[in-house]
Amino acid sequence: MFKNLFFLSFVFVFAAAAFAQNKSVYTDLAADKCKTTDVDKGMPGNYSGKCAGVGGYDLEVYLDDERNSIGVVLPSKKTVGLDFWNYFGNFSALGEKAEWLVKDEKPVALIVRLNVSDRGDEKPPTSYLIVSKISATGACVTDVVKPGKSQNAQAQRLADKASNKPCKKIQ
1 MFKNLFFLSF VFVFAAAAFA QNKSVYTDLA ADKCKTTDVD KGMPGNYSGK
51 CAGVGGYDLE VYLDDERNSI GVVLPSKKTV GLDFWNYFGN FSALGEKAEW
101 LVKDEKPVAL IVRLNVSDRG DEKPPTSYLI VSKISATGAC VTDVVKPGKS
151 QNAQAQRLAD KASNKPCKKI Q
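Just so you know, the numbering used here puts the end of the sequence shown at 171, numbered straight through with nothing missing.
BS3-like cross-link-like pairs, simulated, lysine-lysine; straight-line CA separation at most 27 Å: (1) LYS161 with LYS106; (2) LYS165 with LYS103; (3) LYS78 with LYS35; (4) LYS77 with LYS106; (5) LYS77 with LYS161; (6) LYS106 with LYS33; (7) LYS168 with LYS103; (8) LYS146 with LYS168; (9) LYS169 with LYS146; (10) LYS106 with LYS168; (11) LYS103 with LYS78; (12) LYS33 with LYS23; (13) LYS149 with LYS168; (14) LYS50 with LYS103; (15) LYS33 with LYS97; (16) LYS78 with LYS165; (17) LYS23 with LYS168; (18) LYS33 with LYS50; (19) LYS77 with LYS50; (20) LYS23 with LYS50; (21) LYS149 with LYS161; (22) LYS161 with LYS97; (23) LYS168 with LYS78; (24) LYS149 with LYS169; (25) LYS97 with LYS50; (26) LYS23 with LYS78; (27) LYS97 with LYS149; (28) LYS97 with LYS169; (29) LYS169 with LYS78; (30) LYS97 with LYS165; (31) LYS77 with LYS169; (32) LYS78 with LYS106; (33) LYS23 with LYS165.
Hints listed in this document are in silico derivations from the structure and should not be mistaken for laboratory results.
Given these sequences and hints, build the entire structure.
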């Protein structure tokens with residue numbers, strides 16, 4: 001009897017933990033996969049596009065003077081800018097995909113790759129992962145993950161906890 005009870009407790013704990021985990025859903029950020037919403041023909045390098053999201057949320061992609069950022073379009077249709085250019089002033093390019101962490105069919109966090117070029121340097125860009133929390137009323141950057149061997153896993157761990165973290169201060 002005790003063994004059966006112990007076994008059932010063990011199964012219940014692990015089932016609850018598995019059930020509570022966020023699920024990753026990937027969407028495209030590439031310009032050819034998003035709908036162009038604005039192009040400034042007088043200023044090369046300026047573009048805005050709307051990309052499909054999940055759970056009633058979408059993303060707006062911004063390119064301004066060869067610097068990229070993203071805005072989260074809430075179900076209310078309000079757009080909240082994540083202002084990546086406030087964290088990096090150098091030229092930048094977004095990765096091809098956005099990773100949404102979803103709980104109960106609603107996004108709770110977002111991970112986006114941002115490739116940042118060093119000024120006047122011929123080295124390859126530095127690839128950061130930007131972690132943001134998302135709620136029904138807003139969104140903000142919580143963490144910037146530097147390159148490293150476990151960068152993806154670290155970003156996912158931070159994203160799992162993002163909803164309880166404060167917004168990252170602009171440097």
